[in-house]
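Q: Make the full structure from the sequences, and use the hints.
If you use the numbering used here, the sequence shown closes out at 192, no skipped numbers anywhere.
Warning: the hint list may mix true and false statements.
Stated by the list, open to error - Computed list of lysine-lysine pairs in BS3-like fashion (alpha-carbon distance at most 25 Å, straight line):
1. Lys170 x Lys190
2. Lys96 x Lys139
3. Lys139 x Lys106
4. Lys128 x Lys170
5. Lys128 x Lys165
6. Lys172 x Lys48
7. Lys165 x Lys106
8. Lys109 x Lys139
9. Lys139 x Lys190
10. Lys109 x Lys128
11. Lys139 x Lys128
12. Lys139 x Lys48
13. Lys168 x Lys48
14. Lys96 x Lys48
Hint data in this document are derived by calculation from the structure and do not stem from the laboratory.
In this text, all values refer to a predicted model and were calculated from it rather than measured experimentally.
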Amino acid sequence: MIKRLHIGVLAATLALMVGGLSSYTLSRNGYFPAASANGDWISYRTVKENADVSRRLYAQGLAGSEDGLADLFKRGSEGELFRRSLENLIVNSIIKSSVAASVLAKAQKEVEDSFDNAKVANLSGVVKNVYDWDTAKLKTRILEPQALMQIVAQEKGDDFEVWLKAAKLKSKVRIWFVPFEWREGILVNKNK
Numbered sequence: 001m002i003k004r005l006h007i008g009v010l011a012a013t014l015a016l017m018v019g020g021l022s023s024y025t026l027s028r029n030g031y032f033p034a035a036s037a038n039g040d041w042i043s044y045r046t047v048k049e050n051a052d053v054s055r056r057l058y059a060q061g062l063a064g065s066e067d068g069l070a071d072l073f074k075r076g077s078e079g080e081l082f083r084r085s086l087e088n089l090i091v092n093s094i095i096k097s098s099v100a101a102s103v104l105a106k107a108q109k110e111v112e113d114s115f116d117n118a119k120v121a122n123l124s125g126v127v128k129n130v131y132d133w134d135t136a137k138l139k140t141r142i143l144e145p146q147a148l149m150q151i152v153a154q155e156k157g158d159d160f161e162v163w164l165k166a167a168k169l170k171s172k173v174r175i176w177f178v179p180f181e182w183r184e185g186i187l188v189n190k191n192k
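A: This is the structure in structure tokens:
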């Protein structure tokens, strides 16, 4: 009887240690939710990776020449860059969850049709050097959301902005572990 109790306590202790170490490792590497939009989880790591890619593109001169970019990428603006990356991911999730499955399939097909095996092989090195991603991540993080937004914008025409604002307002967005909140369809700092 005492031997069974000791084995049970040992097993429980071991399970707690493994669970604690796993949780620590996952959270240390950013695998915890920063937000969710209509049930689509967005990890802290995803937001951080997208912000890092934006910074890398700017450093390589590939981000364009829009006014304010220098201010966004200067030292000390990490919070604003993170906020914009998070907001972009939330809006992409809202659009994806607000359209019909046929529209999403059309966007995915459009991206797939633009890539054949030879193009993917040629692009994989460039994507790795510029983005530090593989082509699959490039497709899901950048190309598919852009294609989806273009298709929806074409379908909605002049009403696209009105539709998007309504979709943002009715969406269920939750923010965790970051100093932002979703207020009236916009990601804002909590303390403002």
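Q: Run every hint past the structure and note whether it holds.
A: Here is how each hint holds up against the structure:
1. Proximity of lysine 170 to lysine 190 is assessed by CA-CA distance (about 20 Å); at most 25 Å being required, the pair is judged to hold.
2. Our distance criterion of 25 Å between C-alpha atoms is met by lysine 96 and lysine 139, whose separation comes to about 14 Å.
3. Straight-line distance between C-alpha atoms of lysine 139 and lysine 106 comes to about 14 Å, which keeps the hinted pair within the 25 Å bound.
4. At roughly 37 Å between alpha-carbon atoms, lysine 128 and lysine 170 are farther apart than 25 Å, so this suggested pair is violated.
5. Taking the CA atoms of lysine 128 and lysine 165, the gap is near 35 Å; set against the 25 Å cutoff, the hint is violated.
6. About 22 Å separates the Cα atoms of lysine 172 and lysine 48, which keeps this hinted pair within 25 Å; it holds.
7. For the hint linking lysine 165 to lysine 106, the alpha-carbon distance of about 23 Å falls within 25 Å, and the restraint holds.
8. With a CA separation close to 11 Å, the supplied pair lysine 109 and lysine 139 stays within the 25 Å bound.
9. Of the supplied pair hints, the one linking lysine 139 and lysine 190 is violated, its CA atoms being roughly 32 Å apart against a limit of 25 Å.
10. With a C-alpha separation of about 23 Å, the suggested pairing of lysine 109 with lysine 128 holds against the 25 Å cut-off.
11. With a CA separation close to 13 Å, the supplied pair lysine 139 and lysine 128 stays within the 25 Å bound.
12. Using a Cα cut-off of 25 Å, the hinted pair lysine 139 and lysine 48 holds, with the two alpha carbons roughly 18 Å apart.
13. Between the alpha carbons of lysine 168 and lysine 48 the distance comes to roughly 22 Å, so the proposed pair stays at or under 25 Å and holds.
14. Note on lysine 96 and lysine 48: the hinted pairing holds, with a Cα-Cα distance of about 21 Å set against a maximum of 25 Å.
The structure shown violates the earlier hints numbered 4, 5, 9.
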